[in-house]
Structures are given as C-alpha cells and as structure tokens.
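Chains as they are written, first to last, in our numbering: chain A, 1 to 110; chain B, 1 to 137; chain C, 1 to 513; chain D, 1 to 750.
Everything labelled a hint here was simulated from the structure, so no lab data went into it. Computed from a predicted model, the values in this text were never measured in an experiment. Where is the CB? At the ideal position from N, CA and C, for every residue including glycine.
Here are the simulated DSS-like pairs of lysine-lysine, each with C-alpha atoms no more than 30 angstroms apart in a straight line:
#1 C:Lys105 x A:Lys109
#2 C:Lys64 x C:Lys196
#3 A:Lys98 x A:Lys109
#4 C:Lys105 x A:Lys98
Okay, the calculated beta carbon distance ranges per label pair:
#5 C:Thr30 x D:Val736: 47 to 53 angstroms
#6 A:Arg65 x D:Val245: 56 to 62 angstroms
#7 B:Phe42 x C:Gly280: 42 to 48 angstroms
With the C-beta cut set under 7 angstroms, the calculated list includes, among others, these residues of chain A facing chain C:
#8 Val42
#9 Leu46
#10 Phe49
#11 Gly53
#12 Phe71
#13 Val78
#14 Gly86
#15 Leu89
#16 Asn96
#17 Met105
#18 Leu108
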Amino acid sequence: MVPLSWYLVLAAFVFSCGLYGALVRRNAIAVLMGIELMLNGVNINLVAFWRYGDIIDKATQQVVRLDGQIFALFVIAVAAAEAAVGLALIISIYRNRKTVSLDQMDLLKG
Amino acid sequence: MDIIQQLFPLPPIPTLQQAVFIPLALFTAVCALLVVLSPNLFHNALALVGTLFGVAGIYALLEAEFLAISQILVYVWSISTLITFAIMLSRGMMFGATSKTNKQAGTAIDGIVVIGFIGWCNFVSARSKLDVSIAVA
Amino acid sequence: MNAISVTSLGSLMPEIILLIGGLLILILDTAMSEENDSGRGYMAIAVVFLLAAIVPVYLLLNTKPHTALMVVDVDPFAVFMKFTIYIGMALVAITGGSFMNQHVKGRGEFWTLFMFVTIAMSLAVSANNLILLFLSIEFLSITSYLLVGFIREDQRSSEAGVKYFLYGSVASSIMLYGMSMLYGATGSLMLVDIGKGFAANKDLGTLVLPAVLLVLVGLGFKTSLAPFHQWAPDTYEGAPTPVTAYLSTASKTVGFAVIVRVLLIGLGSFSHEWVPILAGLSIFTMTVGNLVALRQTSVKRTLAYSSVAQAGYILMGLVAVVSSTQGDLKTLAMNGLNGLMIYLFAYLFTNVGAFMVVMAVEAFTGGSDISAFENLSRRSPALAWSMFIFLLSLTGIPLTGGFMGKFFVFGAAVQHQYYWLTAIALINTGIAGFYYLNIIRAMFFGTSGIGTYAGEVAASGEGTVATSAMSISIPIQIGLVICVIATVWIGLYPPSVIEWANNASRTLLGLGS
Amino acid sequence: MQGFLNLAWLVPVPTFLAFAAIVLFANRNKTVSALIAIGGAVLSFLLSWPIAFSAFTADHFGQHPVEAQLFSIPTGTSDLWIGYQVDPANALMLFMSSFLLVMIFIYASGYMTFPAHLSPATYPIAAAQGKDPRYSRFMAYISLFATGMMGLVVSNSLLTFFIFWEIMGLCSYLLIGFWYEKKSAQAASIKAFMTTRVGDVFMLVGLMFLYIHSQSGNLLFSDILSAENLHHLATLSVTVPLINVTVPWVAPIAILIFFGTVGKSAQFPLHVWLPDAMEGPTPVSAMIHAATMVSAGVFLLVRMFPLFATAGEVAPGTMHFVAFIGAFTALFASTIAIAQWDIKRVLAYSTISQLGYMVAAIGIGAYVPALFHLITHAFFKALLFLGSGSVIHGVEHGLHHVHEHGHHDEPAPGGEHGGKEGHTPTEAAGHGHTGLVIHRKDGDLNLEDPQDMRNMGGLLSRMPRTGWTFIIGGLALSGFPLTAGFWSKDEILGNAWGGGNTLVFGALVISAFLTAFYTARQIGLTFLGKPRTEMAKHAPESVPSMTWPLILITPFALLLGFIGTPWGNWIEGFMEPYIEHLEFHALHVEFSFIPMLVSIVVAVGGLVAGYYVYGQGLAEGQVDPLRNWLGPLWLVFHNKYWIDEFYKGTVVAFSHWLSKVLYWFDDLWVIDPIVDGIGQLGVWLARLAAEFDRLVVDGLVNLAGWLSNRAGGILRNTQDGQVQVYLLLLVVSMTVWLLLKALPIFLKLV
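Between the sequences and the hints, there should be enough to build the whole structure, so can you do that?
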C-alpha cells in the first residue's frame with residue numbers, strides 16, 4: 001500500500017507549482033493554468049485524506065462516507081466555472097487592450 | 001540520521017501499488033513543472049492536459065474511479081479545450097518579445113518553499129497519526 | 001431522515017423567494033429582445049423580490065437554531081446577517097439600479113446575477129459544512145468577478161475584473177488547501193464535527209496552525225484584511241460604483257460571518273492560536289488602511305481604503321469574543337460578537353450611502369477625484385449633507401451608527417482587557433479623522449480662495465447664478481434618505497437592533513438567551 | 001415656580017430648532033436667520049432663568065434636586081437612561097450660560113459684517129448688504145453650539161454629557177474655521193478639533209471604565225456618583241500596566257476623565273489650540289472662552305467632583321495632579337500673556353490662566369469656589385472678549401476710513417510674515433491685511449493689523465462705551481477689590497491658604513499679580529494715552545447691537561461677586577445641602593484675613609505697576625519697556641530696520657526713545673526692581689513657553705503627521721497596480737508569519 005504521505009507530498013508539489021505559475025507568469029492565461037494546478041493539488045489532498053480516513057463501516061465492510069470525494073467533485077465543477085469566467089474576463093480585456101500581459105494592467109493603482 | 005530514517009523509512013521492495021504510483025507521480029510532477037516553466041504557452045497547455053491525466057490516474061489509484069472519470073470528462077475535455085481555444089483566439093500574444101515571467105521569480109520561490117514546508121508539516125503530522133491507524137486496521 | 005420538510009421550506013423561504021425572482025428575470029430576459037428594454041422591469045422585479053425576501057428573514061430573526069436540509073444552519077446569527085445583506089442589496093438595487101441599466105448591455109443577465117449573488121451570500125452565512133461554505137463563497141466570488149468586469153467597454157472595469165479574479169482565485173485555492181487540511185485532521189467536513197474532533201484531540205495543533213492560516217487567507221481576502229487587502233482599492237475603484245457598494249458592505253458582511261462561524265464553531269478549541277493572529281491582522285489592517293487612505297486624492301479610493309480600515313475595527317469584535325480573561329461572558333453587555341454585528345449593520349447603511357453619493361457625483365462630473373467634491377454643498381446641499389452624515393458615521397461621531405458600532409466593539413475590547421488593541425484603534429480613528437475631515441472640508445469649504453465666481457455667489461446663498469446646481473434622480477434620493485435615516489437611527493441606540501444582535505450573539509456563543 | 005424645574009429638558013430644544021430652521025428654510029435671508037437664532041436663544045433664556053431662580057429660591061434645594069428620565073435604551077443586560085436633572089450646580093450654569101448666549105447672539109448679529117479679508121468683487125451682494133457672505137450659516141452654527149452647551153448642562157448622565165460635549169467640539173471646529181479663506185483659520189480649526197479630540201479619547205476611555213466597573217450598569221450621575229458606587233470603585237483595585245502600580249480604580253478613571261477637561265478647558269499641555277482659536281470671529285471666541293466650551297471642561301470637573309474627592313481620599317496623587325496642572329497652567333499662561341501684542345491673544349492666555357485657577361481649586365478640593373469663579377469669570381471674560389471684538393471692529397473701520405481718504409501711504413505687498421521676536425508664527429500671520437510690516441525689536445508689527453495693540457491707544461475717547469465696559473471687565477479680571485473677580489478669586493486663594501496648599505497658593509498669587517499687570521498693560525495700550533495710528537484716531541464707536549450687550553453684562557461683572565462674600569456667602573449656603581446630599585467632602589476653611597490682604601495687595605499692586613509702566617500708553621513707535629530692558633542694545637544699533645527708521649528722519653524720535661531706554665534702565669535697577677524682576681522672568685518664561693510650543697508641541701504634531709504621511713506613502717508604493725505583486729506580498733506575509741509561528745512547532749517535532 002502506498003503511504004498517505006506520498007500522496008500529500010505530490011499534492012503539495014503540484015500546489016506549489018501552480019502557485020509559482022500564478023505568481024511569476026506574465027501571461028494571464030498561464031496564470032489561469034497555474035490556478036488550475038493549485039486546485040488539482042488540493043484535490044489530490046482531499047481524495048487521499050478521504051481514502052485514508054475512517055470511511056469503512058466495520059460491520060458491513062462497505063464504503064459509507066463519500067464526503068471527501070464529493071468535495072473534490074465540487075472543486076472540479078467550481079474550477080470549470082472559474083476557468084470559464086476567467087477566460088471571459090481575459091478575452092474582454094484582450095479586446096480592449098490587445099494584450100494579456102499582467103504587468104501592463106496597471107491603470108488602477110496607488 | 002535517526003530522525004531521517006524515522007521520517008523516510010524506505011520500504012525494501014515496492015508493492016504493486018507503489019510500483020504504479022511512483023512513475024505516475026513522477027509523470028504528474030514533471031508535467032506540472034512544465035506547465036509553469038515552459039516558455040511556450042502551447043506547451044504549457046499540453047503539459048496541463050498531461051498533469052490532469054496524471055491526477056486522474058492518482059484518483060483511480062485511490063479507488064475514486066468516478067472522480068477519475070469526472071476529471072477526464074470535465075477537465076481534459078472542457079477546460080483544456082477552453083484554454084486552447086483562448087490561446088488560438090489570441091494567437092498574437094504567444095510570440096511576444098519580452099520574457100515570459102516577471103521579475104519576482106526568486107522571491108516567489110522563497111515563499112513557495114515555505115508553503116511546501118507547510119505541506120511537509122502536514123505530511124509529518126498526518127503520517128504520525130494516520131499511517132499508524134491504517135497500519136492497525 | 002426526512003430532509004425536505006415543511007419547516008425547512010419555511011426556513012429557506014428567503015432563498016427560495018430570491019431564486020424565483022432570479023429565475024423570473026432570467027426567463028423574461030430570454031423571452032424579450034434586449035434592444036428595446038430599459039432594464040427598469042428587471043430592476044423592479046429584483047427590488048420587489050429582495051424586499052419580499054426580507055419579510056421571512058424578519059420573521060425568522062428570533063428563531064431557535066435549527067438545521068434545514070442537513071447543510072443549512074438557520075440560527076439568529078445567520079438570520080441577522082441575511083437581514084443585513086438583503087437590506088444592503090435592496091438599497092444597492094434601488095439606488096444603483098438605474099446607473100447599471102444605463103451603463104451595461106446585458107441588463108437581464110446583470111439582474112439575474114445580482115439575485116444569484118444574493119442567494120450565494122445568503123447560503124454562505126448559514127452553511128454548516130465546508131463543502132457548502134466553499135461552494136457558496138466561490139459562487140459569490142465568481143459572480144462578483146463578472147459583475148466587477150461587467151462594463152466590458154470600460155478598460156478600468158475589465159482590468160478590475162481580471163485583477164479581482166486572479167487574486168480571488170489564488171486566495172480561494174489557498175483557502176481550499178487549508179480546508180483540505182482541516183478535513184484530513186478530523187476526517188469530517190461538518191464544522192461542528194471538526195470542532196468536536198479538535199476538542200477531543202489537542203495534538204492536532206501542528207495541523208491546525210497552517211490550516212487556520214491558509215483558511216484565513218481566503219476569508220481575509222473576502223473581508224479585505226491587510227495584507228490580503230490589496231485587490232480591494234483597485235477593484236473598488238474600477239468596478240461600477242453600485243457593485244463597489246455591495247462588495248464593500250454585503251460581501252464583506254458575508255466574509256465576517258463566515259470567519260466567525262468557522263473560527264468559533266470549527267476551531268473554537270484552538271482560540272489561543274488564532275486570537276493573536278486576528279489581533280495582529282486587526283491592527284495591521286486598520287493601520288495600513290488609514291495610512292494609505294491619507295495619501296489618496298480620489299474619494300472613491302479613499303473610501304476603499306477606509307473600508308479596509310473599518311474591517312480592522314470590525315475584526316476587533318471577534319478578537320474580543322474569546323479568551324475572556326475577566327468575568328463571565330454571560331454577564332457582559334458587550335460580548336464582542338454583538339458589537340461586530342451592530343458595526344456591520346450600521347456600516348452597511350453608511351458605506352452604501354457614501355458610495356451612492358460618490359456615484360451621483362461621478363455621474364455628474366465624470367470623476368470621483370476630491371476636486372469633483374469641491375463646494376458640493378453649493379451645487380447639491382442634499383448630497384453634501386448626506387455625505388457629511390456618512391463621513392461622521394465613518395469617523396465614529398456620537399449620534400451616528402458608526403459610533404454605536406465602535407462603542408460596542410471598543411467597549412468589548414476594553415472589557416476583555418485588550419488595552420493595546422483599543423489604544424491603537426483609537427489612535428487610528430484619530431488618523432482617520434484627517435481624511436474624512438478633508439472630504440468634508442472640500443465639500444463645504446472648497447479650496448481656499450480658488451472657488452469660481454459663480455460657485456461663490458451660489459454659495460453665499462444669494463445667487464441667481466445657478467450654473468452648476470446638480471440634480472439627483474428620485475431612486476437615489478430615496479436610497480440616500482433611507483441610508484441617512486438608518487445611520488442616524490442606529491446612532492440613537494435602537495433597542496430592537498441591539499436586542500437582535502445580543503440574542504444572535506448569545507445564541508451562537510451558547511450562552512442561552 | 002417649582003413647576004419650571006420639570007421643563008429643564010426643553011432648554012436645548014429652541015436653539016436646536018433654530019439651527020434646523022435656519023439650515024432648512026432661512027439660509028437665504030440673513031436678517032431672518034439672525035432673528036431666528038436670537039429668538040431661539042431668547043426662548044432658551046426664558047426657560048432657563050425661571051428654572052434657575054426657582055432653584056435659587058427653593059428651600060434646601062440641594063437636598064432634593066430634580067432628576068427624571070425621558071426614555072431608556074436597552075444594552076443587553078441593563079438599560080441606559082436618558083433624562084435631565086436640575087441641581088444647584090447646573091442651576092448656576094443655566095443662569096450664566098443662557099444669559100451670556102443671548103448677549104453673544106445679539107452681539108454677533110451686529111458683528112458679522114463683511115470681513116476685510118474677502119474681496120467685495122467676489123461677493124457683490126453680500127458686500128452691498130455689508131454682511132458676511134455666510135452670515136446665515138454662522139447663525140446656524142452658533143445655534144447648534146448653544147444647543148450643545150445647554151444640553152450638556154441639563155443632561156443627567158455622563159453619556160449624554162459626552163454626546164453634547166462632542167457636538168460642541170464639532171461646532172468649535174466649524175466656527176473657528178469659519179473664515180476658511182484664511183489659511184491660518186483652517187489650520188487653527190483643525191488644530192482645535194484634533195487637540196480637543198486627544199483629550200476626548202482619554203475621557204471616552206475613562207467613561208468606558210467607569211461604565212464597566214460601576215455597579216449601576218449605567219452612567220447616570222446619580223448612580224455613578226452615589227456613595228456606595230464610589231466606595232465600590234475605591235475598593236476595587238487595578239494594576240496599571242507599564243508602571244505596575246496597584247491603585248483603586250477610581251484614580252485612573254478620574255485621571256482619564258480629567259484629561260477631557262485638560263483638552264476642553266485648554267490646560268497644559270493641551271492648551272495649544274486655544275490661542276489659535278482666535279482665528280474665528282470674535283463672538284465665537286467669546287462663546288468658546290466664556291459661556292460654553294472651556295466652561296464645559298471645568299463644569300465636568302464640578303459635576304464629577306465626588307469622584308475626584310473619593311479619588312483624592314484613597315489616592316491623594318490624583319488630586320495633587322489636578323491641582324498641579326491647574327496651578328502650573330495658571331502661572332504659565334499668565335506669564336505668556338504679559339508679552340503679547342494681539343488684543344485677543346492676551347485674553348486667550350488670560351482665559352487659560354483663569355481656567356487653571358478653577359482647575360487648581362478643584363484640585364485642592366475647593367469645590368464651591370471653583371464653581372463660583374467659573375460663573376463670575378464667564379461674565380467678565382465674555383465682557384472682555386466682546387469688548388475686544390468691538391475694539392477690533394472699530395479699528396478696522398478706522399482703517400477703511402483711512403484708506404478711503406488716502407491718509408495712508410501705499411501699502412507694501414506681503415501681509416503675511418512670521419514673528420521672530422518671541423511671537424508664535426501664527427499670531428501675526430494672516431489677518432488678511434496687506435499692511436506695511438515693521439520688524440520691531442519687540443516683534444514684527446503690521447501697521448494695518450487691527451488686533452495689534454501697538455496700533456491702538458487712546459481709544460477711550462473714541463469708543464467710550466466699549467472702553468468703560470472693557471475697563472470694568474478688566475478690573476474684575478484682575479481682582480480689583482469689590483468686583484466680581486475679586487470675591488471669587490479671593491475664595492480660591494483663601495481655600496488654598498486655609499487648606500495649607502502653600503505651593504498652589506504661591507503660584508496663584510504670582511499669577512494674580514501678573515494678571516493684574518497685563519490687564520493694566522492691555523487697558524493702557526488700548527484705551528489710554530494717545531492714538532498711535534491713524535486708524536485708531538478714526539475708530540468709531542460700534543453699533544448699538546454690539547454695545548448694548550456690553551452694557552448689559554457690565555453689572556454682572558461688577559456685582560455678581562456679592563453672592564459669595566466671606567461674610568454672607570449665599571453661594572456656599574446654596575451648595576451646602578447639595579454636598580450633604582451627595583455625601584462627599586469638599587474643602588471647608590475658616591475665613592482668614594491674610595489671603596484676602598494678599599489678594600488685595602497683588603491685585604492693586606499689579607494694576608498700579610501696570611499703570612505705572614503703561615498708564616500713559618506708549619508713544620508712537622515706542623517699544624515695550626519690558627522688552628527694552630532685556631534687549632541687547634547693540635542689536636538695536638546694528639539692526640537694519642532701525643537704521644531705516646533713522647534714515648527716514650526720525651532722529652529725534654530715536655534719541656527720545658534712546659533716552660527713555662536709558663532712563664528706564666536706571667529706573668528699573670533703582671526704583672522698581674521687583675516689578676521688573678518679575679517682568680523679566682515673565683518675558684523669559686513667555687519666550688520659553690512660546691519656544692516650547694513651537695519646537696516641542698508643534699514639532700511633535702508635525703512629526704506625527706510627517707511620519708504617518710511617509711508611512712502611507714511607502715505602503716502606497718506597494719500598491720503599484722500589479723496584481724502579481726499583490727499576490728507575492730500575500731505569499732510573503734504568509735511566509736513570515738509561518739516562519740514566526742510554525743518554526744517552533746517544527747523544532748519541537750524534530
């Protein structure tokens with residue numbers, strides 16, 4: 001059996017990669033991808049905790065609780081919605097300014 | 001040395017699950033790195049699709065088959081398509097002359113190392129508690 | 001386990017009414033051609049349904065805590081917050097509606113989203129598990145991103161939308177990471193069970209601290225606590241002003257309600273970990289907000305930073321709830337939580353009103369720079385005097401709602417012997433006085449000696465030259481009158497509001513009523 | 001008559017209605033506004049005096065003061081009551097405030113003519129009417145101000161007291177900055193608001209502590225000042241953080257509340273706002289300095305006296321602190337006053353000094369004398385302020401007259417100038433007159449400054465009504481025997497002597513001498529001698545609406561003291577039952593002739609000394625003799641401006657001046673060393689105090705402002721519009737936080 005910690009390390013790694021992308025990429029779409037990575041990292045965490053948690057009913061040996069999985073499922077759904085909205089916003093600013101470079105978006109500051 | 005051995009006890013022979021997990025995790029991790037490191041936006045998107053597949057594999061390994069299918073259906077088919085579509089739509093921006101990353105990479109890594117550290121803390125305590133309980137079960 | 005019962009329908013009546021309203025607008029929007037529509041019908045539907053939703057909320061104000069549909073907690077605290085949110089959204093709809101109808105294209109979409117965002121807030125304040133909490137907060141955020149960037153032709157609006165989106169997504173991902181740790185540590189997603197799990201197993205402290213921190217990032221983003229506040233000024237400035245008004249009030253109310261619920265119910269047994277964090281955040285937030293506000297020249301931006309600073313004061317209420325070192329919470333009149341609630345309630349009217357004045361001035365002069373407010377008292381005394389009252393309330397002068405909020409929050413902090421916190425907060429209110437006074441000065445006194453001839457003559461009250469008198473539309477007038485009356489009324493120590501807040505806070509804290 | 005007592009809650013209402021009516025309906029018509037405002041004040045007066053006199057005439061009124069609740073507010077576990085009360089202390093305040101407010105309102109209606117710093121071209125209509133362009137607004141503000149004061153007087157709980165207190169603070173801000181075209185007025189208004197706010201914040205904290213630690217669960221005076229509650233507070237102890245001293249709660253609460261007084265009544269070190277507050281129109285100065293605002297501070301002490309008395313019993317340091325602040329302020333301010341030129345500024349420092357008297361009286365436990373002096377001082381100080389306003393008005397008119405008839409040379413540009421010789425910069429700056437500035441050895445002189453006493457002289461013959469009433473007010477202020485000020489001041493001195501507070505007594509006696517001295521100087525410079533300027537020569541008497549209030553106040557300034565003579569002390573008899581009723585201990589001393597003799601000697605001595613020096617006024621261009629005595633002579637010879645004078649052909653005047661200087665030089669050493677010894681000390685102290693204000697107080701204020709501005713700027717730089725920078729800051733702050741918090745946990749794990 002794979003130790004839980006392996007999954008957690010992988011999750012942390014994917015999450016950190018995503019965060020790095022969100023922090024340093026100039027391109028807004030690349031940042032969006034970074035955010036997707038972060039969410040995937042979280043999902044690995046959630047599913048792993050679910051799998052290694054107390055989910056088996058001792059008497060029937062059936063899986064009785066699915067909350068971690070359900071949470072992960074919702075996160076996937078939310079990520080889809082977020083990506084759609086994010087792309088809509090990015091395309092709208094691209095039409096206005098012909099750029100998706102984030103460091104050029106500084107009309108509002110100070 | 002005691003501590004390290006205590007925290008990272010290397011099992012002598014990987015079980016079958018572990019043998020599947022290790023390459024899968026490596027693939028996912030490398031793809032994730034490519035997503036953020038490759039300068040070509042198109043490669044980024046491809047690597048993202050790769051990561052998502054890898055994560056779906058992890059779900060399958062964790063016996064969450066339904067979730068793995070959802071991952072492939074929702075992410076790989078819809079989000080990736082959406083992103084690729086957006087890249088196509090704004091093709092011009094793929095070939096900008098400037099650097100693909102901004103100047104804060106160094107600081108960001110410092111910060112993220114610490115976030116990784118949180119993950120590590122997480123792992124340590126979870127290990128001490130959960131691994132034991134699983135071993136008992 | 002009969003989940004859907006008549007009582008749960010009754011408890012969920014507000015949300016159901018809002019949902020019907022939203023769907024009605026959606027259907028009408030698809031049925032009608034967009035070109036000819038002024039959007040007034042949608043606005044009317046939205047206002048009517050929002051007001052209709054206030055009625056069941058009002059009836060539920062003194063309800064006994066119960067759970068509907070297994071995941072929605074209906075207790076006086078949540079209901080009070082819903083009451084606040086609905087009133088705020090109704091005010092925004094009344095006053096900001098015509099502005100939005102003028103400036104946006106997809107009017108039906110706007111009003112549908114407006115109703116749905118209200119539902120999201122409403123669910124967020126009463127969610128009792130992490131899934132619903134995350135979902136409703138994300139729903140709220142995603143809808144808000146759209147609303148902020150709704151004026152697509154306006155570069156500032158879209159930029160604000162993109163920034164808000166990126167910051168918000170990252171913050172909520174981080175929060176989610178924290179939530180996954182909470183789940184991993186206790187094996188449950190229900191806040192109550194998480195609380196019990198932590199209470200039973202104190203060894204989990206190593207997991208809790210990073211988890212609290214990560215969750216606070218997401219919630220701090222919603223409530224614009226420094227150092228997670230930096231999106232706020234940019235977004236508030238770029239967003240359409242009615243959207244800014246609800247972001248800085250209703251959305252913030254949600255953030256605080258969720259912080260209270262998660263920390264008190266889920267992490268109550270680790271209060272020694274998070275109280276110092278919150279106290280530090282509170283101090284940092286109010287100081288940063290006030291100091292940067294000093295340097296602003298745009299009134300909208302000043303209000304944005306002031307709203308950051310106010311979040312710091314509000315947070316004091318939560319700090320003062322716990323670790324009561326003196327006396328029994330049962331005997332204290334100010335338990336902190338009721339201060340937080342009264343503050344949020346009063347702040348809602350004040351801030352919505354202030355942003356409405358900004359909107360009216362913007363509509364007339366095209367900018368919200370302080371120079372647009374010069375001599376406002378001459379061009380439109382009604383606007384100037386309303387703004388005057390709102391600014392007094394933000395400063396915390398007695399007889400205004402802002403004073404009541406500060407009185408209860410600071411009082412609680414003093415009762416719990418957070419003297420340093422109170423002292424810093426008091427110093428901060430002093431600093432804040434400067435920039436509020438500056439706006440008042442500009443409105444009533446103008447810059448010394450620069451006033452135009454026409455303006456000066458009109459000012460002296462003897463002018464026949466009324467070149468620059470401003471007219472304000474009737475909906476804005478109604479909204480402003482409501483805000484002014486409510487601000488002053490709360491300042492007069494309204495027994496009902498205070499009793500509601502007391503009851504709600506005591507119920508949530510488990511003190512018995 | 002007793003029925004009137006239950007109408008006390010109505011007292012603040014008429015002025016508030018007047019405020020509302022002017023704001024809402026009458027802001028276009030100046031005459032109607034003035035009538036409404038005066039009407040409101042008169043109504044309030046017509047309510048107040050019957051209330052006051054039914055209190056005065058009732059038997060043993062103090063044993064059963066009237067107190068009633070109007071409505072209540074729940075606070076969760078207890079109720080907050082709002083109501084009114086009438087007791088001997090506030091009956092006296094009602095008597096004083098309502099009358100003075102009517103007088104000031106009437107005076108203001110005549111005073112607010114078109115101000116000189118505005119250009120008539122900008123406000124053609126107001127200039128044609130000859131009234132201030134914002135006349136109506138002024139009337140509205142002062143009505144609200146009066147509401148604040150009257151509400152404060154009749155309120156029966158500390159909470160409502162504080163609310164009205166804050167309303168007054170707000171109005172003072174609006175009124176001091178009323179002529180906001182003047183930069184100095186803007187600055188002064190903000191300074192006043194912020195400085196008093198500092199005191200208010202302390203007071204609010206004290207109020208909260210009082211609320212929390214009282215048994216009553218409310219802030220009603222009758223409950224918080226009850227003997228049981230005070231006993232409770234005196235036994236409940238607290239360890240003060242930082243210094244780790246354990247004291248009864250009553251002491252820190254008293255000190256914190258006392259800071260409210262320090263701010264409002266301009267006691268050291270928060271006195272800095274009051275001299276600058278002179279930038280407001282003179283009726284405002286009279287209101288702030290006599291009838292309302294600063295009195296409110298002392299009234300707070302009078303109100304809360306049982307608390308202070310209890311604090312004094314269990315922690316004597318509390319009362320010593322109060323007494324020290326009061327006595328120090330009295331002495332300190334009076335030394336400044338003897339070296340000022342601005343007619344209103346002398347009065348301002350004099351007010352600070354007299355308030356110090358009252359505070360010191362409270363500090364030594366002299367409850368009744370403090371209240372007594374509060375009442376008499378209000379009358380004669382109102383008289384003096386209104387008189388000085390009349391003088392300024394007259395001199396301004398004289399200036400207009402001079403300008404119209406071309407008697408004067410071309411005015412030189414550059415009216416604003418900073419004083420160099422012992423004047424604070426704001427003093428001379430910005431009266432809006434662009435007159436010729438003379439750099440004099442005793443301070444720069446703007447020849448067209450209508451407030452500078454060096455531009456006056458001999459006004460008694462030009463303005464007899466103003467002059468005589470001013471002189472009477474001045475005599476009362478200096479404590480000339482048999483005037484109102486004499487009796488009340490003597491009571492305080494007698495109590496200080498009888499109570500064995502020798503230091504306080506000494507400080508107050510010196511200050512009394514200086515008071516008499518600068519009063520004589522002021523009267524001498526303003527009204528006696530010969531006019532020193534053309535504008536003084538052409539100054540007309542003011543209009544009747546300004547002079548009648550002066551004449552009506554004069555009898556009070558002269559005769560009011562007879563309610564508190566040592567032989568028939570009506571006021572003590574009136575207050576005595578109240579003290580018994582509240583069960584606290586006020587200082588009670590046997591009458592002694594020594595302090596009374598001392599008081600007479602210093603008052604008359606000071607007046608005579610002042611008259612001796614300034615009795616003939618000053619000659620044109622003559623420097624203040626006191627200043628001369630100090631001034632290094634070589635400065636005079638090497639000073640460019642004096643050479644200018646020389647070239648202008650005033651050799652004769654110069655020699656005359658020089659001979660006078662030498663004459664004085666001899667005289668000072670031989671004849672009157674005492675007067676001038678004190679004079680020298682005073683001038684040095686004044687300069688020291690002015691420097692202290694300028695360097696330390698202003699410096700600190702500026703430093704704080706600068707720092708917060710800089711910090712705001714630095715923080716603002718991070719807000720550069722780059723969303724990824726924001727995100728990075730988020731991550732970095734999380735990192736720092738984790739390193740601080742998580743590292744220990746990690747180390748523990750390992």
